[in-house]
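Given next are the chains, with one letter for each unit.
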Amino acid sequence: EAGVTQFPSHSVIEKGQTVTLRCDPISGHDNLYWYRRVMGKEIKFLLHFVKESKQDESGMPNNRFLAERTGGTYSTLKVQPAELEDSGVYFCASSQGTGGYTGELFFGEGSRLTVL
Amino acid sequence: AQSVSQHNHHVILSEAASLELGCNYSYGGTVNLFWYVQYPGQHLQLLLKYFSGDPLVKGIKGFEAEFIKSKFSFNLRKPSVQWSDTAEYFCAVNSGGYQKVTFGTGTKLQVIP
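Chains A and B are the protein sequences, given in the same order.
Going by the numbering used here, the first sequence opens with residue 31, and the numbers climb by one from there.
Going by the numbering used here, the second sequence opens with residue 117, and the numbers climb by one from there.
Treat the hints with caution; some may be incorrect.
Pulled a few chain A residues facing chain B out of the computed Cβ check, cut under 10 Å [unchecked claim]:
#	residue
1	Y65
2	G70
3	I73
4	S88
5	G138
30 Å max Cα-Cα, derived DSSO-like pairs, lysine-lysine [as the list claims (entries may be wrong)]:
#	chain 1	residue 1	chain 2	residue 2
6	A	K74	B	K216
7	A	K84	B	K216
8	B	K194	B	K174
9	B	K216	A	K108
10	B	K165	A	K71
11	A	K84	B	K165
12	A	K71	A	K45
13	A	K71	B	K187
14	A	K74	B	K224
15	A	K74	B	K177
16	B	K224	B	K185
17	B	K185	A	K74
18	A	K71	B	K224
19	B	K187	A	K74
20	B	K194	A	K71
21	B	K216	A	K81
22	A	K74	A	K108
23	B	K177	A	K71
24	A	K74	B	K165
25	A	K71	B	K185
26	B	K185	B	K174
27	A	K74	B	K174
28	A	K81	B	K165
29	A	K71	B	K216
30	A	K74	B	K194
31	B	K174	B	K216
32	A	K71	B	K174
33	B	K194	B	K216
34	B	K216	B	K185
These aren't lab readings, by the way, just hints derived from the structure by calculation.
Glycine included, each C-beta is placed from N, C-alpha and C at the ideal position.
Start from the sequences, fold in the hints, and give me the full structure.
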């Protein structure tokens, strides 16, 4: 079974440009999460989809970040325009179930974003 | 709001030494607790979890953790570490049905052969 896949693995852009990160969750997983880790700090929650609906987007930093999950399958996270402080590793995770929490998040390998 | 503190940022041990990584959380209600591990070049993966029942939980590769409710702690232990345990370890908490999982800052463990 394929795991969570993320693309690109590394992106280097200049301040003011746009970047779109993609996440393909494990097939059948309704829950999809985006997290971000800035160097040396905690893995910070950004948002949570249940199927195509945003369950919780309380961690999104500001309106430069836009996440979508059309059709409840893959998700994209767009940063427009990118700022220096957006640099970090963006993790996607998925889990089964829409009711109770299953106990395990399955993570992708992350997309490293460097904003110059 | 829930939060997690990991007090050890970088731990260096020799092989066969015992390991204990501290984790404290702040949340007054029911919690689910986790330890995740990220080996070099790999993705984060679940090491062990606590939902209810026996507060001493065992995970993969000989790791265990003890939930002490009175201390709001969930420390990770291993009696004898191996070089292959070199990785970064993250403690995490989820407050029951609320599905956001909050992570700590991570502890880098380096095991010297």
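Worksheet item: Within a Cα-Cα threshold of 30 Å, do K74 of chain A and K216 of chain B meet the stated pairing?
Response: With Cα atoms ~10 Å apart, K74 of chain A and K216 of chain B stay inside 30 Å; holds.
Worksheet item: Taken at face value, is the distance from the CA of K216 of chain B to the CA of K71 of chain A at most 30 Å?
Response: Roughly 18 Å separates the two Cα atoms, so the pair holds.
Discussion item. Can you confirm whether the C-alpha distance between K177 of chain B and K71 of chain A stays at or below 30 Å?
Written reply: Holds, at about 26 Å.
Worksheet item: Within a Cα-Cα threshold of 30 Å, do K174 of chain B and K216 of chain B meet the stated pairing?
Response: holds (23 Å)
Worksheet item: Would the pair K71 of chain A and K45 of chain A pass a check requiring their Cα atoms to be no farther apart than 30 Å?
Response: holds (22 Å)
Practice prompt. Measure nothing beyond the straight line between the CA atoms of K84 of chain A and K216 of chain B; if it is 30 Å or shorter, mark the hint as holding.
Written response: holds (12 Å)
Worksheet item: Would the pair K216 of chain B and K185 of chain B pass a check requiring their Cα atoms to be no farther apart than 30 Å?
Response: holds (20 Å)
Item to complete: Let me know if the C-beta of Y65 of chain A comes in closer than 10 Å to any C-beta of chain B, holds or violated.
Response: It holds, given that the least Cβ distance between Y65 of chain A and chain B is near 7 Å, below 10 Å.
Discussion item. Can you confirm whether the C-alpha distance between K84 of chain A and K165 of chain B stays at or below 30 Å?
Written reply: It holds: about 26 Å lies between the C-alpha atoms, which stays within 30 Å.
Fill in: Proposed proximity, K165 of chain B with K74 of chain A (alpha carbon, max 30 Å)
Status holds; Cα separation ~19 Å.
Worksheet item: Minimum Cβ distance from S88 of chain A to chain B below 10 Å?
Response: With a closest approach of 8 Å, the S88 of chain A hint holds.
Worksheet item: Does K81 of chain A lie within 30 Å of K216 of chain B when you go C-alpha to C-alpha?
Response: Within the cut-off at roughly 15 Å; holds.
The structure fails none of the hints (numbered hints given earlier).
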